[in-house]
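Enquirer: Single-letter residue listing:
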Amino acid sequence: MHRYRFLLLRPLQLIPVLFGISAISFVLVRAIPGDPARVLLGTRSTPEALARIHAEYGLDQPLPMQYLLFLKHLFDGELGRSIIYKTDTLTLLLERLEPTAMFILGSVLLSVLLALPLATWAARSRGGVADHVIRLLTTAGLGLPPFWLGIMLIILLSITWRLFPVSGYGDSLGEKLYHLFIPCLTAALSLSAVLTRSLRSALIREMRADYFVAALARGQSERYIFWRHVMPNAIVPIINLLAVNVSWLIGGSVVIESVFGIPGLGQLLIKAIFSRDYMVVQGVVLFFALSTVLVNLLADILTVFIDPRIKL
Amino acid sequence: MSPLLTVDSLTITTRAGLNLVDQVSFSLAPGEMLGLVGESGSGKTLTCRALLQLLPEGALQITGGRVDFDGRDLLRLSPREMRQLRGAGVGMIFQNPSTHINPLMTIGQQMAESLRLRGRLSRKEIRARSVSLLEQVGIPSPEQRLDSHAHEFSGGMRQRAMIAIALACSPRVLIADEPTTALDVTVQAQILKLLDGLRREHGLSIIMITHDLGVVAQTCDRVAVLYGGRICEIAATADLLKHPAHPYTRGLIACQPHANVNAQGPLTTIAGAPPTAEEMPAGCRFHPRCPDAQRRCQTRQPVVHDVAQESGHRVACHYPLQRLIHRELDHE
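These protein sequences, in sequence, are chains A and B.
Quick note: this note's numbering has the first sequence finishing at residue 312, numbered continuously throughout.
Quick note: this note's numbering has the second sequence finishing at residue 644, numbered continuously throughout.
What the hints contain is simulated information worked out from the structure, not anything from laboratory work.
Predicted model, so just to flag it, every value in this text is computed and none were measured.
Just to be clear, a hint being listed does not mean it is correct.
[Unchecked claim] If you want the footprint, here are the derived chain A segments under chain B, 3+ residues with CB under 8 Å: (1) 212 to 223; (2) 301 to 312.
[As the list claims (entries may be wrong)] Here are some chain B residues pointing at chain A (derived, C-beta under 7 Å): (3) Arg392; (4) Arg395; (5) Gly399; (6) Met404; (7) Leu416; (8) Ser426; (9) His461; (10) His463; (11) Cys481; (12) His555.
Don't be surprised by glycine CBs; every beta carbon is placed ideally from N, CA and C.
Excised from the complex, chain A in its bound form:
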């Protein structure tokens, strides 16, 4: 079990990351001109009302004091109160977590479902027609910007063929998946291009490995060796690529959720920025940073689990 010792040290590395992220997001969101109290009060704003709200949310304190206060709340396990929604930021976060998680999970799953057969096919027919066609497709996939791809998919699948809704989110699981299909497909198509190419070259590298010939010399079929020996070896470096993809999706969810009207964290973040809802912005950004670090940690654990040689 000494190989998993990094699990004890890794959380310590989280501390500077989270400090840094919280400080940056704290400064940036306050650098934008505007005032949450003004947004909240709108036309009803009077100097007295503004001052009252400022005092209520601690916005009348000097900036360093506000930051320290934020950190203090954080240590108590609180992310502060949203000025606009008038609820705890954590509650708000948890409410909006599901659509984003579903979107990210769906995109990753779909990208793997696309990349795995394509890479396998390309690697096994290396230099053949299928390999060239797949190379062409993935090159195209790399070149097409995701937003354009998304628009094309909406035009084709939603407007022309009327197969899927243009935007929104449902109530039941089936409805949710139905609504998430086009956004997930858009993200997956972009991700699977790199994924396919990396997996293909990893597979080809492993098919040339000495243990392949050795297994052939023991009478195993090529098919068996491919799935039992080559695939696990090729997957190891791909796991970290998947973690990078998830990180990309966490950032990408901000744009994609707005485009497709998915009521997730990304949308919450955008709305919070526009209304200068400082606590919510800080909370979501912190949560995104934490998720990114944890996903990469999960990838490391998985790699160590699969490859007994790796020590972290």
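Once you've looked at the hints, dock chain B against the given chain A.
Expert: Below, chain B alone, put in the same frame as chain A:
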């Protein structure tokens, strides 16, 4: 004893039409250890890979010859028949066990997949059989080592593990491709002793591919010397080492560094480099480096012929050393 494996005029050709292995013939008796000796590029590994049809696909082709094993021609087996023969009929171990063992699977898992391929066995039976295989190759505390990965073994133990994995297929012939080259000298001797024991106790026939005549001298019954894809000389080990008939064999023996303190002088070498596939010399392929070469050697390819019929000592040389000695004796 009738041979178990007979290779007859095996020829392997590149796409450009060059014969990398040219008319190679030899045979292997049950329980025999045959050495295939030559420099890198002499075709010894290609010859053995051809027996299992494991040549690099597309680049090389077997263009002639027969390989008789157990009454069947291995060069004419269907892919399915070949798969059944690999491992069980003819097994193979390699120079570098750390790359030839899958790093992600335990030694036990890799033995188990071979055992499972060749009979319905329960988990318990597989485990028992694997443990006894590890015992057989001299790996201490086999029960625990079964669950180890290749990188957890030392070089010598890793080679033992690869031998155990190959033995799990119960081969009748084992091709050992430079099995000791990557090992320390002391460990080398242990591995050679292990292979020798397997042959004596289990009647395993072994083809030992090596560039080291020292390895041959310790273990092999007979030796075939290859040069430029052709057989130069084939003889019983003692006979070959004492009375080499081919100038190349003589050169190889002279090149062996001796541990003998008295033999001080500089190390002997064979001048020049072995020919590459692109520039195979005409006639005898060794003639550009041969100190005894004559005009005939440059143009005519020598055929393999008997030096001494009763001992099976054969050589491919226009002016074999052994015949010359006999002649000189005749004149006296």
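Enquirer: Given B/Ser426 as an interface hint, is the shortest Cβ-Cβ distance to chain A below 7 Å?
Expert: 5 Å, holds
Enquirer: Restraint: B/Cys481 near chain A, CB-CB cut 7 Å. Satisfied or not?
Expert: This hint holds: B/Cys481 lies near chain A, its Cβ roughly 5 Å from the closest one there, short of 7 Å.
Enquirer: So, B/His461 near chain A? Judge it on the closest CB pair being under 7 Å.
Expert: This interface hint holds because 5 Å falls under the 7 Å limit.
Enquirer: Hint validation: B/Arg392 versus chain A, beta carbon distance must be below 7 Å. Holds or violated?
Expert: 9 Å, violated
Enquirer: Min Cβ distance, B/Leu416 to chain A: is it shorter than 7 Å?
Expert: With a closest approach of 5 Å, the B/Leu416 hint holds.
Enquirer: Does B/Gly399 meet its interface restraint, that is, does its C-beta lie within less than 7 Å of any C-beta in chain A?
Expert: Holds. Min distance 4 Å.
Enquirer: For the stretch 301 to 312 of chain A, count the residues whose Cβ lies under 8 Å from any Cβ of chain B; is that count three or more?
Expert: holds (count 4)
Enquirer: Hint validation: B/His555 versus chain A, beta carbon distance must be below 7 Å. Holds or violated?
Expert: 36 Å, violated
Enquirer: Count the residues of the stretch 212 to 223 of chain A whose CB lies closer than 8 Å to any CB of chain B, then report whether that count reaches three.
Expert: Per the Cβ count (9), the hint holds.
Enquirer: Is the interface hint satisfied for B/Met404? The criterion is a beta-carbon contact with chain A at less than 7 Å.
Expert: 4 Å, holds
Enquirer: B/His463 was flagged as interface toward chain A. Is the shortest Cβ-Cβ separation under 7 Å?
Expert: Holds. Min distance 5 Å.
Enquirer: Do the numbers back the hint for B/Arg395, that is, is its least Cβ distance to chain A under 7 Å?
Expert: 5 Å, holds
Of the hints listed earlier, those the structure fails to meet are numbers 3, 12, in rising order.
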